[in-house]
Amino acid sequence: MTTPSDTVDPSGRRGFFVRIIQTVHAAIGGTVAFVLGGAILAPSFAKREPSWLSAGRLDLLREDEPLAVTLRVSRQDGYAQVVDRKVVYLVRSGQDVRALESTCTHLGCRTSYDREGKRIVCPCHGGVFGLDGRVLSGPPPAPLTALETRIDGDQILVQV
Amino acid sequence: MLTQLLNWIDSRTGYRGLLRHALDEPLPKGTGWAFTTGSVLTLLIGVQFATGVGLTMYYVPAPALAYDSVRFIMDELPLGWLLRGLHFWGASFIVIAAGVHLMRVFLMGSYKAPREVNWITGVVLFLLILAFSLSGYLLPWDQKAYWATIVTINVSASAPVVGEYMANILRGGSELGALTLGRWYSAHVFLLPAVLVIFIVAHIALMRKHGISGPMTPQPGPPTAFFPWHVMKDTVMMAAVFALLVTLAVLFPAHLDEIANPADAGYIPRPEWYFLSLFQLLKYFPGPLEPVATLVIPGLIVGALFALPFLDRGAERHPWRGSRRVVTLAMLALIGGIGHLTVLGLLDMPARYDPNDWGPQSIAGRQLATGPDNTCQTCHVVGGPAAPLAITRITKDEEWLLFHMGDPVAIAPGARPEDQPAGRPRLFRLQAQAVVSYLRRARAGADDVEVSPEDLTAALTFSNMCIACHTIAGEGGDTGPNLSLVGIRRDAASLRSVISDPSSEYPDTLMPAYGERMTEEQMSAMVNYLAKRR
Ligand code: FES
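Protein chains in written order, with our numbering: chain A, 1 to 160; chain B, 1001 to 1534.
FYI, nobody ran anything at the bench for these hints, they're computed from the structure.
Do not rely on the hints blindly, as some may be mistaken.
[What the hints assert, rightly or not] Straight-line C-alpha distance at most 30 Å; calculated DSSO-like pairs for lysine-lysine: (1) A/86 x A/118; (2) A/47 x B/1396; (3) B/1029 x B/1112; (4) B/1233 x B/1029; (5) A/86 x B/1396; (6) B/1029 x B/1283.
Can you build the whole structure from these sequences, using the hints too?
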């Protein structure tokens, strides 16, 4: 059987047509893919605007005595809203305050302050951190995450 | 290398043969532009599938979140507005393209033997497309969606005997609500697409089985191949329609009303334009005659469409020759009727709710909720126990909101035990109502307005003293006259006199004299504001 395509091609326009068809369909498909792909992928790369939260008064902090405070971080969760809790240690040295996240950098357990040892310990796999956040022993691969801080009058502001 | 791989795939799947079968379909000589309507329709359906998948990633079929998830898609998701715009406009495009395709098949008599079943699957596909529109209309859960669906379901309830059962099945109960949304969503994204695909496959397979009907008078000469000669025409049409679709979606983004408010029975529903004729028809058959408009007439039309190939059986395909004249006339009358009713319906459309027409109630509410001494900020602040107002969503019904604003500590009506009576309400009910009205408007995407201090005083006064009986900008009671445009009827002086002592003009009025109840500041702000409403 002869395919009809071979029987009618008076002037060799076939190749030209095929290319136009391919181009147009690629353009349509590309447009849809751009809109769809963009809308699907965009939130995966969105960054959250940081905000400054008041974490307490400077004069209530004692030198080198970490204080665990709970911050309420409200954020937009897509189309919903949530208020998260975040526990941070405030460590004062002179007029300077460091804020350390309390989440262990190993597998994410909540650490706690060991008053006698003057260190921060993780209950899960025995990670130990110094008051500057550095790893003293155990499996954690990195120091406790430090957050930006700022002193405004007598208030300590922490960036979350 | 690539050739080898393709050879291997072909040897295992035979895809080349399949492709050749699909592309080399011989078409009768003279198959022209009229035969591109099906391809356009296929493209549009493909776009709906793709954009629909994107939308379902974000959409939540629950009354508390549906609206906010659509808002999120529209306002915050990059390209989300375009995604929804394409889906929204695509729906209208499909209805039109399906209508054009149907007319093409009708006018060229392509439904005649042996293609009766093609035609029947086509009519089913048309009905499926309408079902898609209907079910998709509810999903954004805005005022328009909610009230139009109430009407749709009431239409089905008007059917004799089974009507109430049908309505209950459509609603998933006796009220429109969460269960309705769930089943309409499921139908829209799972059930209908599955059925649609089955019928499209059948429709195309039948088209291939019998071949394309071709021109009405067969032309002598060898057939042409579908690819690339006819595909070229298809492609040109597809490109044109797609370009138009994108243009409209970019220039006129899809609309989203205020969030659905089941408590607001004053909302006048309006259906999507392609149901407008049916909606209009309803007006001519009131009361017990209603089933004529909702059931009998549409039923006869659909029945006639299904029966068409069996009623019009002659071999003649030309629309204006022999017995074909009768069916063509009938079809023209039908289209004329639908067109006429649609135009009447369009002329009769209630004005679109305009979130940017800030009435006094929402201005007062904005002041109460965001002004310097608002009490919301006790909790709704960055770092506070509740989300800041900027990202707070209306996820509760109105009663809850009003109660919460009066007594914010007790976050559920009745939660406060009797031995702990609430203190003085933080916001009185009318004030809370104003805040709710502001929140709804703000969520509907209204632009902020500048309000002069005097107008603010007027707004606060109006929403405190007058709103129970008078309406402005769609908000308020209807015991007294609507004051939205009162400035046309009265100037400031006559407003002052009638507000100070209404009985001087209307001896029988129930309205108290406000001369003593308002301060001079309130009174002058009030009359100046009202005089401006024209
Ligand atoms: S999680 Fe903290 S040590 Fe493993």
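Hint by hint, here is what the structure shows:
1. Under the criterion of a C-alpha separation no larger than 30 Å, the hint pairing residue 86 of chain A with residue 118 of chain A is consistent with the structure, at around 22 Å.
2. Between the alpha carbons of residue 47 of chain A and residue 1396 of chain B the distance comes to roughly 29 Å, so the proposed pair stays at or under 30 Å and holds.
3. Of the pairs offered as hints, the one joining residue 1029 of chain B and residue 1112 of chain B holds, with about 19 Å between alpha carbons and a cut-off of 30 Å not exceeded.
4. Among the hinted pairs, residue 1233 of chain B with residue 1029 of chain B is consistent with the structure: their alpha-carbon atoms are about 14 Å apart, no more than 30 Å.
5. Taking the CA atoms of residue 86 of chain A and residue 1396 of chain B, the gap is about 27 Å. The hint holds against a cut of 30 Å.
6. Distance check on the hinted pair: residue 1029 of chain B and residue 1283 of chain B sit about 49 Å apart at the alpha-carbon level, beyond 30 Å; violated.
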